[in-house]
Amino acid sequence: MRSCRWPVTQENMATVMMPVQRGESAARPGSYADLTPDWTHAEVSTGTTIMAVEFDGGVVIGADSRTTTGAYIANRVTDKLTPIHDRIYCCRSGSAADTQAIADAVAYQLGFHSIELDEPPLVHTAASLFKEMCYKYREDLTAGIIVAGWDSRKGGQVYSVPMGGMMVHQPFSIGGSGSSYIYGFVDSSYKKGMTKEECLTFTANAVALAMERDGSSGGVIRLAAITEGGVERKVILGNELPRFNIG
Amino acid sequence: MDITGDASEVRTGTTIIAVEFEGGVVMGSDSRVSAGESVVNRVFNKLSPLHERIYCALSGSAADAQAIVDMAQYQLEMHSMEVGAPPQVIAAANVVRNISYKHKEELSAHLMVAGWDRRKGGQVYGTLDGMLTRHQVCIGGSGSSYIYGYVDSAYKSRMSKEECLQFVTNALTLAMGRDGSSGGVVHLVTITKDGVEPKLILSNDLPQFYDNE
Chain A
1 MRSCRWPVTQ ENMATVMMPV QRGESAARPG SYADLTPDWT HAEVSTGTTI
51 MAVEFDGGVV IGADSRTTTG AYIANRVTDK LTPIHDRIYC CRSGSAADTQ
101 AIADAVAYQL GFHSIELDEP PLVHTAASLF KEMCYKYRED LTAGIIVAGW
151 DSRKGGQVYS VPMGGMMVHQ PFSIGGSGSS YIYGFVDSSY KKGMTKEECL
201 TFTANAVALA MERDGSSGGV IRLAAITEGG VERKVILGNE LPRFNIG
Chain B
248 MDITGDASEV RTGTTIIAVE FEGGVVMGSD SRVSAGESVV NRVFNKLSPL
298 HERIYCALSG SAADAQAIVD MAQYQLEMHS MEVGAPPQVI AAANVVRNIS
348 YKHKEELSAH LMVAGWDRRK GGQVYGTLDG MLTRHQVCIG GSGSSYIYGY
398 VDSAYKSRMS KEECLQFVTN ALTLAMGRDG SSGGVVHLVT ITKDGVEPKL
448 ILSNDLPQFY DNE
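If you're matching them up, the sequences are chains A and B in order. Just so you know, the first sequence maps onto residues 1 to 247 in the numbering used here. Just so you know, the second sequence maps onto residues 248 to 460 in the numbering used here.
Possibly wrong hints are sitting among the right ones.
[What the hints assert, rightly or not] Away from chain A, derived, C-beta distances all over 12 Å, residues of chain B:
hint, residue
1, Val286
2, Ala314
3, Met325
4, Pro333
5, Met378
6, Ile394
7, Lys403
8, Ser407
9, Leu419
10, Thr420
11, Ala422
12, Pro454
13, Asp458
[Claimed, not checked] EDC-like cross-link-like pairs, simulated, lysine to aspartate or glutamate; straight-line CA separation at most 20 Å:
hint, chain 1, residue 1, chain 2, residue 2
14, A, Lys191, B, Asp458
15, A, Lys234, A, Asp79
16, A, Lys192, B, Asp458
[Stated by the list, open to error] From the structure, some residues in chain B lie toward chain A, with a derived Cβ separation under 10 Å:
hint, residue
17, Leu375
18, Tyr397
19, Asp426
20, Ser428
21, Lys440
No wet-lab data here; the hints were simulated from the structure. Remember, it's a predicted structure, so these values are computed and weren't measured experimentally. Even for Gly, the Cβ is constructed at its ideal location relative to N, Cα and C.
Please model the entire structure based on the sequences and the hints provided.
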């Protein structure tokens, strides 16, 4: 019998004594990974659905609130909408650790830059800082980020910095594992020239649909509207989520 | 035509969809067959008849899918003769499901079965992984991931035949716009008690959606 490093109880006795019954252990002898719950060794990931939409005068950003460690939901009320500056936010997806570290570094750099310029920073600058870091360390990072905000030069802007470290300006952007399921929905529903309220509804509906289908997305919907006047945050709780016909 | 590079398996990358409505079903598919990065057939019809008023939609490995269809067509024809009546859709779905389940390890194709019979009218069955599940709307293939949100939001129960045709066309167009393994033209088939009505929609007649401008 192999030596055990965890308490052998009645429940797991069978698996310890007869590891070959479990398909995965038989394939990789000597690995204990399959005999312990996956959250004891899985990376913390913001599985996620994130989204940002431009409108005339600002941007609307939205995200779900689930952080997973394997199959365990480590945080069901996560805030994935992270302020980088007064009128610039980023939506984080991928590894929770990587994205938090990058956001902290960029917020610092942007704050410094803004003080030097004695002006609020441009959204494009924030996005470029993200891009520089994500591209330079692209082999080591798992981070998909959407940068969105308002500045006085170009108004509301959305920049997508997906894994790999490219940067592209888009009228709206979706990201995270849940986004695959809503490409069809956003392609069919998006219209140019939406108002702030229409953008909020569009974002809430899209994130809700993704949360319904993606196991790594769920919880509540966090929304924020960023304009010249400031940042307005909203939360849509589980029982208030938009509901759809199917199922 | 010379094929250079590695010979990857021929797959119907695909987007397939089937919807029930009052009086029948509407099925749709794209038309792209890929071998690695190459498109080996851009006008392939992935909707295959299993019997007079029962069709199936193919996805996954093209060879496996066609093999399953051949076996199912034969078994259904035998069954139909023994029973002395057109087979029920659920019977066809079970035939396909049993083949898929029995050879689960060797096969990598998913067939969706839909049609009309006297007993229950229009029915759609999914046979993914050897399960048998009935749906009002069933989507499948690599392109289906991108349209879950659209289908969830746009489907309404008790749609008319025309609304179903529009819904299926929209869903396929959206999926083809995002999935590299789906594309070409849209093949549609409507099955009711009056028979089977095929339709072909060419690329330039497809609806237009947001396209990154």
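The hints, checked one at a time:
no., hint, in the structure
1, Val286, "holds (21 Å)"
2, Ala314, "holds (27 Å)"
3, Met325, "holds (36 Å)"
4, Pro333, "holds (30 Å)"
5, Met378, "holds (16 Å)"
6, Ile394, "violated (4 Å)"
7, Lys403, "violated (6 Å)"
8, Ser407, "holds (16 Å)"
9, Leu419, "violated (10 Å)"
10, Thr420, "violated (9 Å)"
11, Ala422, "violated (6 Å)"
12, Pro454, "violated (9 Å)"
13, Asp458, "violated (8 Å)"
14, A:Lys191 - B:Asp458, "holds (11 Å)"
15, A:Lys234 - A:Asp79, "holds (11 Å)"
16, A:Lys192 - B:Asp458, "holds (12 Å)"
17, Leu375, "violated (15 Å)"
18, Tyr397, "holds (3 Å)"
19, Asp426, "holds (9 Å)"
20, Ser428, "violated (14 Å)"
21, Lys440, "violated (26 Å)"
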